[in-house]
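S.K.: Per our numbering, residue 36 is the first one in the sequence shown, and the count goes up by one each step.
Among the hints, erroneous ones may be present.
[As the list claims (entries may be wrong)] The calculated label-pair distances, taken between Cβ atoms and stated as ranges, are:
| # | residue 1 | residue 2 | range |
| --- | --- | --- | --- |
| 1 | 348 | 526 | 37 to 43 Å |
| 2 | 627 | 164 | 58 to 64 Å |
| 3 | 53 | 241 | 26 to 32 Å |
[What the hints assert, rightly or not] The list that follows gives simulated cross-link-like pairs (lysine-lysine, PhoX-like), each with its CA atoms no further than 25 Å apart:
| # | residue 1 | residue 2 |
| --- | --- | --- |
| 4 | 221 | 261 |
| 5 | 451 | 654 |
| 6 | 223 | 261 |
| 7 | 247 | 301 |
| 8 | 223 | 306 |
| 9 | 261 | 247 |
| 10 | 223 | 245 |
| 11 | 456 | 162 |
| 12 | 221 | 162 |
| 13 | 270 | 247 |
| 14 | 161 | 247 |
| 15 | 547 | 572 |
| 16 | 654 | 674 |
| 17 | 322 | 301 |
| 18 | 161 | 572 |
| 19 | 162 | 247 |
| 20 | 306 | 322 |
| 21 | 322 | 363 |
| 22 | 245 | 315 |
| 23 | 247 | 315 |
| 24 | 270 | 221 |
| 25 | 315 | 301 |
| 26 | 161 | 223 |
| 27 | 363 | 315 |
Calculated directly from the structure, the hints in this document are not laboratory data.
Just so you know, these numbers come straight off a predicted model, no measurement behind them.
The C-beta atom is built at its ideal place from N, Cα and C for all residues, glycine as well.
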Amino acid sequence: MTASQSAKPAAELDKPKRAFRPLPVPQVDVRGFWGDRADAVATTTADILYDRCVEARMLEQIDPDRPSPGVVIPFHSPSPDEAATAGNEFTGSTVTTQMFWDSDWGKTIETAAYSLYRRRNDALEKKIDAVIDMYGRLQQPDGYLSSWYQRIQPGLRWTNLRDCHELYCAGHLIEGAVAYYQATGKRKLLDIMCRYADHIAETFGAEPGKRKGYCGHEEIELALVKLARVTGEQKYMDLAKYFIDQRGLEPHYFDEEARARGADPKAYHFKTYEYGQSHKPVREQDKVVGHAVRAMYLYSGMADIATEYGDDTLRAALDRLWDDLTTKNLYITGGLGPSSHNEGFTSDYDLPNETAYAETCASVGLVFWASRMLGMGPNARYADMMERALYNGSISGLSLDGSLFFYENPLESRGKHNRWKWHRCPCCPPNIGRMVASIGSYFYGLSGDALAVHLYGNSTARFDIAGTQTELRQTSNYPWDGAVSITIEPEAPTTFTLHLRLPAWCRKAALKVNGEAVDLQAVTSDGYAAIRREWRKGDQVELDLEMAIDRLYANPQVRQDIGRVALARGPLIYCVEETDNAGQLHRIALPPTAEIEAHQQPNLLGGVVTLSAVARKEKFEDWDNGLYRPEPPAVEESKITAVPYFAWDNRDPGEMLVWLRDS
Numbered sequence: 036m037t038a039s040q041s042a043k044p045a046a047e048l049d050k051p052k053r054a055f056r057p058l059p060v061p062q063v064d065v066r067g068f069w070g071d072r073a074d075a076v077a078t079t080t081a082d083i084l085y086d087r088c089v090e091a092r093m094l095e096q097i098d099p100d101r102p103s104p105g106v107v108i109p110f111h112s113p114s115p116d117e118a119a120t121a122g123n124e125f126t127g128s129t130v131t132t133q134m135f136w137d138s139d140w141g142k143t144i145e146t147a148a149y150s151l152y153r154r155r156n157d158a159l160e161k162k163i164d165a166v167i168d169m170y171g172r173l174q175q176p177d178g179y180l181s182s183w184y185q186r187i188q189p190g191l192r193w194t195n196l197r198d199c200h201e202l203y204c205a206g207h208l209i210e211g212a213v214a215y216y217q218a219t220g221k222r223k224l225l226d227i228m229c230r231y232a233d234h235i236a237e238t239f240g241a242e243p244g245k246r247k248g249y250c251g252h253e254e255i256e257l258a259l260v261k262l263a264r265v266t267g268e269q270k271y272m273d274l275a276k277y278f279i280d281q282r283g284l285e286p287h288y289f290d291e292e293a294r295a296r297g298a299d300p301k302a303y304h305f306k307t308y309e310y311g312q313s314h315k316p317v318r319e320q321d322k323v324v325g326h327a328v329r330a331m332y333l334y335s336g337m338a339d340i341a342t343e344y345g346d347d348t349l350r351a352a353l354d355r356l357w358d359d360l361t362t363k364n365l366y367i368t369g370g371l372g373p374s375s376h377n378e379g380f381t382s383d384y385d386l387p388n389e390t391a392y393a394e395t396c397a398s399v400g401l402v403f404w405a406s407r408m409l410g411m412g413p414n415a416r417y418a419d420m421m422e423r424a425l426y427n428g429s430i431s432g433l434s435l436d437g438s439l440f441f442y443e444n445p446l447e448s449r450g451k452h453n454r455w456k457w458h459r460c461p462c463c464p465p466n467i468g469r470m471v472a473s474i475g476s477y478f479y480g481l482s483g484d485a486l487a488v489h490l491y492g493n494s495t496a497r498f499d500i501a502g503t504q505t506e507l508r509q510t511s512n513y514p515w516d517g518a519v520s521i522t523i524e525p526e527a528p529t530t531f532t533l534h535l536r537l538p539a540w541c542r543k544a545a546l547k548v549n550g551e552a553v554d555l556q557a558v559t560s561d562g563y564a565a566i567r568r569e570w571r572k573g574d575q576v577e578l579d580l581e582m583a584i585d586r587l588y589a590n591p592q593v594r595q596d597i598g599r600v601a602l603a604r605g606p607l608i609y610c611v612e613e614t615d616n617a618g619q620l621h622r623i624a625l626p627p628t629a630e631i632e633a634h635q636q637p638n639l640l641g642g643v644v645t646l647s648a649v650a651r652k653e654k655f656e657d658w659d660n661g662l663y664r665p666e667p668p669a670v671e672e673s674k675i676t677a678v679p680y681f682a683w684d685n686r687d688p689g690e691m692l693v694w695l696r697d698s
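All chains, please: the whole structure from these sequences, using the hints.
M.R.: Below you can see the structure in the form of structure tokens.
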């Protein structure tokens, strides 16, 4: 596609029956809880992402007007204050260029795009436009575009898809291009990436003479689906399907590729193709394995293709993988991937708390996967998990003011795990940034004659349904309160189905339409209440979700959580912090009979609901100098306060604990 061509509306792309697609970000305005977080990203995070990329000297890798930076380039040493607070983002006086920096630029552009839509920022827009100009000048005549293989290792393009992130980087730049076009109307980067996607389609495929490869780090698949939807070009959707279908087939492409470059296929750092989920064809996979982020991106792409092509064989594999993740390999926060060694999965029920890796990107990836499973129709098993990962395991990776980050998200800390400014592998900051900036696209799903409400909270959605322009407004103090008021405003009376999620955590719900009670049992399927009627201006829907406090227990096969309890209220998982509960949190025990109360705290952590209870705590004051003795320690009552997990480490640094002893 050239700059002279206009993007086709997504409606021109064949749309399968019953498919639900997310509303584009510009069609949903969010306020309240998510509005506050989107504002923090728009006012703080988006600028920080650009500044940190520049500080890491990423511009030098993409700017064709500068000399190639080489493999090792100078990097400033941190000041004493930075060194004290920075964590591990600095690697000394030098920093190594990274083959995946294009992906960081792609995610930074995507974050900036949706932030610019929310809040005007002329200075940031000018900077992003300059980055886009650099990519335009860097692009080769045949459409190829990779700063690493053009500036650092020229002449080696498409020689190591297993390890070197070429298509992964292309995917993130494509997503950035789609976002920038949707949010600003500017299509320069979109045209650049369409030319690159055309080159990729000419290079890879099942046709004779084309490479039969795919990327070691999945991402291109879901990016091509987005590109197809925004341009209306079926060839991009078909290319995404090819990459899904080809993965793991024999003879194994990565083996052949290694031999072609004169390498031993077995000389591989992780010694297994499970690491990148290419150990077997995707339709034969039934266990979540390997690198957690790669897995989530693969399953996201599979879900998109299952939706777009009505592929029940992919759906069957996805359901097997979903069950394996959610019943054996998932933290209560929606975090996943316990091991730092492979940044991913180990064995069933291996969910350590203090050493949990639970990368922010992995939880963000779970949000992607769950949201795409909803493309095949409203089903609360997916939406509930999307909500769990959104409110807990993902946004814990971003400080409340939008300036600091977590890469790992443990469920227990002795006080040494604190937020940092940047990271030597800076994938998580722009990933959480772009997810929060685009949060409106996760709220709703639209099909030809139905709208699904997946998430609750203050928002306004604008959409065309059954040929009628319609506005839907939600008013709610969710997630602190379960009362949701919805106003429907079609331009003319129109008939469609409104699907409303009834979360699994809610034991009691009530629904009214224009003041008349609805029998939920009669209209609920797969965890969604379906209301089909002719909607008129001003129609009111009232949904009341009881937000009880829950004590949650782990499967006994999770050895780290035996005899422990976690607290939840609504979609939120709670934790105790040292700043509220003195130190040595391991001494706290919450008896089953303890009464737990909820308290509105408008001046704490941006406004939260805390939980309090009278717990027990072993005393150590009467213990002599010996390490052991025959008598147990004395026990005293101790009032404890728990805060939402996503908000921990936003005050004084200290200990944190999710799983408390329950006796």
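S.K.: Holds or violated: are the alpha carbons of residue 547 and residue 572 at most 25 Å from each other?
M.R.: 16 Å, holds
S.K.: Are the Cα positions of residue 245 and residue 315 separated by 25 Å at most?
M.R.: 21 Å, holds
S.K.: Can you confirm whether the C-alpha distance between residue 223 and residue 245 stays at or below 25 Å?
M.R.: 28 Å, violated
S.K.: Within a Cα-Cα threshold of 25 Å, do residue 322 and residue 301 meet the stated pairing?
M.R.: 23 Å, holds
S.K.: Given the hint that residue 162 pairs with residue 247, does the C-alpha gap stay at or below 25 Å?
M.R.: 38 Å, violated
S.K.: Between residue 451 and residue 654, does the CA-CA distance stay at or below 25 Å?
M.R.: Since the Cα atoms of residue 451 and residue 654 sit roughly 24 Å apart, the hinted pair holds (cutoff 25 Å).
S.K.: Going straight from one Cα to the other, do residue 161 and residue 572 come out at no more than 25 Å?
M.R.: 41 Å, violated
S.K.: Compare the distance between the alpha carbons of residue 223 and residue 306 with 25 Å, and conclude whether the hinted pair is satisfied.
M.R.: Since the Cα atoms of residue 223 and residue 306 sit roughly 41 Å apart, the hinted pair is violated (cutoff 25 Å).
S.K.: Residue 247 and residue 315 were given as a pair; does the straight-line alpha-carbon distance stay at or below 25 Å?
M.R.: 15 Å, holds
S.K.: Is the Cα-Cα distance between residue 306 and residue 322 25 Å or less?
M.R.: 18 Å, holds
S.K.: Is residue 322 close enough to residue 363, meaning Cα to Cα at most 25 Å?
M.R.: At roughly 10 Å apart (the allowed maximum being 25 Å), residue 363 and residue 322 satisfy the hint.
S.K.: CA of residue 223 to CA of residue 261, is that 25 Å or under?
M.R.: Answer holds: residue 223 to residue 261 is near 17 Å, not above 25 Å.
The earlier numbered hints that this structure contradicts are 8, 10, 14, 18 and 19.
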